[in-house]
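There are 2 protein chains.
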Amino acid sequence: MVVAGIMTGTSVDAIDVAFCEITSEGDRHSVSLLSFHSLPFSDDLRGMILKSMAGEASMENLSDLPFALAQEYAQAFRQASASTNVELVSMHGQTLWHHPPVSTWQAGCGSALSALLNLPVVHNFRSADVALGGQGAPLVPIFDHATLTSQVPRIALNIGGMANISILPANASEEDVWACDTGPGNVWIDVASRVTFGKRYDTNGEFARAGRLIPPLLQECKTIPFFSMGLPKSTGRELFSEKEARRLITKYSHPSSPLEDVVTTLTELTAWSIVDHITRLAPASREMIVSGGGSQNSFLLERIEGLVQDASLDLEVQIHPQWDSKEAMAFAYLGWRTIHGLSGNLPRVTGASRPAILGSISRA
Amino acid sequence: MVVAGIMTGTSVDAIDVAFCEITSEGDRHSVSLLSFHSLPFSDDLRGMILKSMAGEASMENLSDLPFALAQEYAQAFRQASASTNVELVSMHGQTLWHHPPVSTWQAGCGSALSALLNLPVVHNFRSADVALGGQGAPLVPIFDHATLTSQVPRIALNIGGMANISILPANASEEDVWACDTGPGNVWIDVASRVTFGKRYDTNGEFARAGRLIPPLLQECKTIPFFSMGLPKSTGRELFSEKEARRLITKYSHPSSPLEDVVTTLTELTAWSIVDHITRLAPASREMIVSGGGSQNSFLLERIEGLVQDASLDLEVQIHPQWDSKEAMAFAYLGWRTIHGLSGNLPRVTGASRPAILGSISRA
Numbered sequence: 001m002v003v004a005g006i007m008t009g010t011s012v013d014a015i016d017v018a019f020c021e022i023t024s025e026g027d028r029h030s031v032s033l034l035s036f037h038s039l040p041f042s043d044d045l046r047g048m049i050l051k052s053m054a055g056e057a058s059m060e061n062l063s064d065l066p067f068a069l070a071q072e073y074a075q076a077f078r079q080a081s082a083s084t085n086v087e088l089v090s091m092h093g094q095t096l097w098h099h100p101p102v103s104t105w106q107a108g109c110g111s112a113l114s115a116l117l118n119l120p121v122v123h124n125f126r127s128a129d130v131a132l133g134g135q136g137a138p139l140v141p142i143f144d145h146a147t148l149t150s151q152v153p154r155i156a157l158n159i160g161g162m163a164n165i166s167i168l169p170a171n172a173s174e175e176d177v178w179a180c181d182t183g184p185g186n187v188w189i190d191v192a193s194r195v196t197f198g199k200r201y202d203t204n205g206e207f208a209r210a211g212r213l214i215p216p217l218l219q220e221c222k223t224i225p226f227f228s229m230g231l232p233k234s235t236g237r238e239l240f241s242e243k244e245a246r247r248l249i250t251k252y253s254h255p256s257s258p259l260e261d262v263v264t265t266l267t268e269l270t271a272w273s274i275v276d277h278i279t280r281l282a283p284a285s286r287e288m289i290v291s292g293g294g295s296q297n298s299f300l301l302e303r304i305e306g307l308v309q310d311a312s313l314d315l316e317v318q319i320h321p322q323w324d325s326k327e328a329m330a331f332a333y334l335g336w337r338t339i340h341g342l343s344g345n346l347p348r349v350t351g352a353s354r355p356a357i358l359g360s361i362s363r364a
Numbered sequence: 001m002v003v004a005g006i007m008t009g010t011s012v013d014a015i016d017v018a019f020c021e022i023t024s025e026g027d028r029h030s031v032s033l034l035s036f037h038s039l040p041f042s043d044d045l046r047g048m049i050l051k052s053m054a055g056e057a058s059m060e061n062l063s064d065l066p067f068a069l070a071q072e073y074a075q076a077f078r079q080a081s082a083s084t085n086v087e088l089v090s091m092h093g094q095t096l097w098h099h100p101p102v103s104t105w106q107a108g109c110g111s112a113l114s115a116l117l118n119l120p121v122v123h124n125f126r127s128a129d130v131a132l133g134g135q136g137a138p139l140v141p142i143f144d145h146a147t148l149t150s151q152v153p154r155i156a157l158n159i160g161g162m163a164n165i166s167i168l169p170a171n172a173s174e175e176d177v178w179a180c181d182t183g184p185g186n187v188w189i190d191v192a193s194r195v196t197f198g199k200r201y202d203t204n205g206e207f208a209r210a211g212r213l214i215p216p217l218l219q220e221c222k223t224i225p226f227f228s229m230g231l232p233k234s235t236g237r238e239l240f241s242e243k244e245a246r247r248l249i250t251k252y253s254h255p256s257s258p259l260e261d262v263v264t265t266l267t268e269l270t271a272w273s274i275v276d277h278i279t280r281l282a283p284a285s286r287e288m289i290v291s292g293g294g295s296q297n298s299f300l301l302e303r304i305e306g307l308v309q310d311a312s313l314d315l316e317v318q319i320h321p322q323w324d325s326k327e328a329m330a331f332a333y334l335g336w337r338t339i340h341g342l343s344g345n346l347p348r349v350t351g352a353s354r355p356a357i358l359g360s361i362s363r364a
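Just so you know, the protein sequences line up as chains A and D, in that order. Sequential numbering of the first sequence, starting at 1, is according to my numbering. Sequential numbering of the second sequence, starting at 1, is according to my numbering.
Be aware that one or more of the hints could be misleading.
A pair counts as met if it fits within one copy or between any two copies, since identical chains are not told apart.
Claimed, not checked - Below 20 angstroms or equal to it, Euclidean Cα-Cα: the simulated DMTMM-like pairs (lysine to aspartate or glutamate) are:
hint, residue 1, residue 2
1, LYS251, GLU206
2, LYS199, GLU260
3, LYS243, GLU60
4, LYS222, GLU305
It should be emphasised that the hints constitute simulated quantities derived from the structure, not laboratory data.
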């Protein structure tokens, strides 16, 4: 079955579309990428999303947004799919708010997208898990399990806006998988790049590499209670907000110090929080496969490897061959599971009371 | 198939649950009511809904609301369904905003409700039609057609927060049906009752019956462009808002005049707008079957009958035997259609470019 996964992350940087061929043989599922496309948001829509996240949108804006998203998703799909015979669309939607275990909010009207594309659409993947007391996240672990389980114990690390890990023991069954968010991925590095240099992100970690640590800033960040919380846990821009990052930057920036230093320090925070979670939760892992935009920040990767050595972990760090398309592929797979009546959450990972068939199916 | 229809209207007065047995013989569908329950909203939830409608809710409130609605719908369902073997739940959700043909917003998380009840849930009925350029409303006409078509030309009038009519020619096919919103139903009568007497509505039309018309108020109201617009059209609280009603009441109330007069005048507006639409769109109709809370306002009914006589229409007015449960039954039927792959909108009624299978199916 050919499934298109459409993903837009908390960075609101692009509409990712992954066309996948998904096949099954008994319990073994295989997901192969046919093509991947990353298309820009229109400035209008990106502005409307950021305004909504900031709580500055009117009810009319908030009513219109899911339809505007469906329109742009449909447009991205059409631009990307010229020659592909797609049977199912799987739409993550744009997270506007994440407040587990009370609620979660992925905007993007699946029924509208289905009407526009004349294809079945699966969407709203996180709500059932939250309604069952779960975090509604992370949901990628079941995909990591299907595609990355190996004879050696592995970790799948994704560094998007937030960072998360899936812990895959050797030859793991679904029930053996652990996973959680580890804290900020690129989100605070991006804020620091914007505040200091007016850039949307730190290309290849160049700013961070040129600066020096600000120890008291790092120290205050490390005391954020999320980092020491037990599992299950997930987080988002509600906690690791632009506002909080700006507060910290203002508090610890010295006029005579190089601007790079805050980028360096918030990069170190991301690396530290990832490695700290691994040290505590999966010290026996042998391979770590890194995906997401953050996998392209070579300074961040170096710092992760440095901290791995400092912690005396025997862990080989690799870049995922589909580092940019993995999340969109994961949601293609989750939609495929839903259509086949298979649950998509891992209760011990999310904290939900039971496995659930995730999402809603529209077939307008 | 036993289907539960869950409906909450723009008046936010109750959670209506209709358990229906739906059967089909070829193209003929039959919907019989097994039981009907109207349960109160909790004060907290009602407050949160009204705050949201007024644009005063935070993003966290708006994220939480669909889950809180799912919780109360689940609770209402459980209180109501003790002995019924329900196979499908059909949830209209709470309209927060209606902005056709750009967007529409029915809050209430179907995926969460499905997880809580462990039953399939169809929901979000209006979006596909809006995405196809339609008004997303009215959707009850296909149910009126299935249940009220007769050998005489009929009108089905529903007086809820807003009022709408379905025009059913004798022995009509689905394609023969016309329908539209006619303007306010109870919404402005309720505002007038609240502003003047602190009552949530005008019981049996007692205030209205005791007052006299304020001609300039009626005259200004009649100039609202919605009334003279052609079809298709639908409306909501965005246009017939509490704020606008209060403005009109303040403008035309005289301190020495009885408070009842504004209730009388806004009741007359409702009656006038209904009969004016019938006179223009369906003067040949012979029977009118009235449902919704407004059907219990005997003064409003008298005024409708009076204006029908003034317009020399040969129209017999009857109360629908399921006047209170009709809308919930209609959505039970629409959910049943969706599960069976049948479209639910009538394109010439809503203005959509094509028939669509409405809503999304969750099966958590």
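Quick one: which hint numbers does this structure break? Sort them smallest to largest.
-> 1
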